[in-house]
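Chain by chain, the residues:
Protein chains: 2
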Amino acid sequence: MTPSQSHAPYPRRTSVKKGLVIVHTGQGKGKTTAALGVLFRAWGRGMRVGVIQFLKNQHARYGEIKAARKLGIDWVVTGDGWTWRSRDLEESAALARHGWALAQERIMHGDYDILILDEFTYPLHFGWLDVEEVIDWLRVHKPPMLHVIITGRYAPQALIDFADLVTEMREIKHPYQEQGITAQPGIEF
Amino acid sequence: MTPSQSHAPYPRRTSVKKGLVIVHTGQGKGKTTAALGVLFRAWGRGMRVGVIQFLKNQHARYGEIKAARKLGIDWVVTGDGWTWRSRDLEESAALARHGWALAQERIMHGDYDILILDEFTYPLHFGWLDVEEVIDWLRVHKPPMLHVIITGRYAPQALIDFADLVTEMREIKHPYQEQGITAQPGIEF
Numbered sequence: 001m002t003p004s005q006s007h008a009p010y011p012r013r014t015s016v017k018k019g020l021v022i023v024h025t026g027q028g029k030g031k032t033t034a035a036l037g038v039l040f041r042a043w044g045r046g047m048r049v050g051v052i053q054f055l056k057n058q059h060a061r062y063g064e065i066k067a068a069r070k071l072g073i074d075w076v077v078t079g080d081g082w083t084w085r086s087r088d089l090e091e092s093a094a095l096a097r098h099g100w101a102l103a104q105e106r107i108m109h110g111d112y113d114i115l116i117l118d119e120f121t122y123p124l125h126f127g128w129l130d131v132e133e134v135i136d137w138l139r140v141h142k143p144p145m146l147h148v149i150i151t152g153r154y155a156p157q158a159l160i161d162f163a164d165l166v167t168e169m170r171e172i173k174h175p176y177q178e179q180g181i182t183a184q185p186g187i188e189f
Numbered sequence: 001m002t003p004s005q006s007h008a009p010y011p012r013r014t015s016v017k018k019g020l021v022i023v024h025t026g027q028g029k030g031k032t033t034a035a036l037g038v039l040f041r042a043w044g045r046g047m048r049v050g051v052i053q054f055l056k057n058q059h060a061r062y063g064e065i066k067a068a069r070k071l072g073i074d075w076v077v078t079g080d081g082w083t084w085r086s087r088d089l090e091e092s093a094a095l096a097r098h099g100w101a102l103a104q105e106r107i108m109h110g111d112y113d114i115l116i117l118d119e120f121t122y123p124l125h126f127g128w129l130d131v132e133e134v135i136d137w138l139r140v141h142k143p144p145m146l147h148v149i150i151t152g153r154y155a156p157q158a159l160i161d162f163a164d165l166v167t168e169m170r171e172i173k174h175p176y177q178e179q180g181i182t183a184q185p186g187i188e189f
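Quick mapping for you: the protein sequence lines, in order, are chains A and B.
My numbering puts the first sequence at residues 1 to 189.
My numbering puts the second sequence at residues 1 to 189.
Rather than coming from a laboratory, the hints here were simulated on the basis of the structure.
All figures in this text were calculated on a predicted structure; none of them were measured in a lab.
Just so it is clear, CB atoms sit at the ideal spot from N, CA and C, and this is done for glycine as well.
There may be inaccurate statements among the hints.
In the BS3-like style, the derived pairs of lysine-lysine whose C-alpha atoms are separated by at most 27 Å in a straight line are [said to hold, decoys possible]:
hint	chain 1	residue 1	chain 2	residue 2
1	B	Lys66	A	Lys66
2	A	Lys18	A	Lys173
3	A	Lys142	B	Lys17
4	A	Lys173	B	Lys66
Chain B regions said to be covered by chain A (calculated; three or more residues, Cβ under 8 Å) [as the list claims (entries may be wrong)]:
hint	region
5	31-45
6	162-171
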């Protein structure tokens, strides 16, 4: 096997351009992180990028929110107070619907090139939002050149079918359980 | 299944801290991009980050190099002129060794918190560098708190065994072959 045979990281260019619906899913790490990498790259090109964060997690995404603020990147936290420790599913559903309403507004009027819906798979997976309704809405209202990146575990099959590009992050090896290593600032959050 | 049962994106903190060796491999997208996301996040925290790029690709990583330059992030392109179209394996091997020498110098003296060795799996896979020698060197010389992130397909098993955290990016769905869609600036490069 020679390099030229085995490696083709980029496809040849063809003439079609469109805004993609991209999904990062799976049990492994790197789903949100890869979306942040796209944001970093696009920001380098002067593109208009934004993040809508559907899950307020333990570490509150400290590093990335700080970076976004420094760079003037729009970063919206929805579902304030909604965590995976919440026992109140009624409230979680209401917060998810509120988050989706914010996302809809920004998708239509936000004037973005790339919008990240971070951890948006969860409200779909848990049925707090109807996946078919969300897809139908995106089909009609997503501006044709806008790229939307959706991250999170348990991406519903209908979303995978709808998306243009789907990557699964699989955990092959993880240090924390095995070695008792702390979640590392900068690496994890 | 309730959220609290099914979702634990972050492990509980324990008391061990160390610099990790992290590998992003697999045939899917997002390997380099997730490393860029880590860089973005860590930069947000004011950490010292650098990139050593082992593969000069078709699109020359335009967006990310531009972003790194804007942010004052150290980004070194090694193996200038080495592409996967190269037919000259002798030259490729020499360039890989030169790149690794640069990487060694920066690992030891670069004073980084996080260093990305982008597409470093290829010289290991093709045998231009000896994977056991590289691992032995890292075991001895990597500063204990330095995180090293290695990206690329075909990560050798010995590297996976050595690493602390390994994620495989699997392609579930890809638009380019299926739909004839162009590689998109900002998304791809």
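Structure-based check of each hint:
Distance hint between lysine 66 of chain B and lysine 66 of chain A is fulfilled; the C-alpha atoms sit about 20 Å from each other, no more than 27 Å. Proposed proximity of lysine 18 of chain A and lysine 173 of chain A is contradicted: the alpha carbons are some 36 Å apart, above 27 Å. Between lysine 142 of chain A and lysine 17 of chain B the CA atoms are separated by roughly 44 Å; this puts the pair beyond 27 Å, and the hint is violated. Under the criterion of a C-alpha separation no larger than 27 Å, the hint pairing lysine 173 of chain A with lysine 66 of chain B is inconsistent with the structure, at around 32 Å.
Counting residues of the region 31-45 of chain B whose C-beta sits closer than 8 Å to any C-beta of chain A gives 14, which meets the bar of three, so the coverage hint holds. Chain A is given as covering the region 162-171 of chain B, and this holds because 9 residues of the stretch bring a CB closer than 8 Å to a CB of that chain, at least three being needed.
In summary, the numbered hints that this structure violates are 2, 3 and 4.
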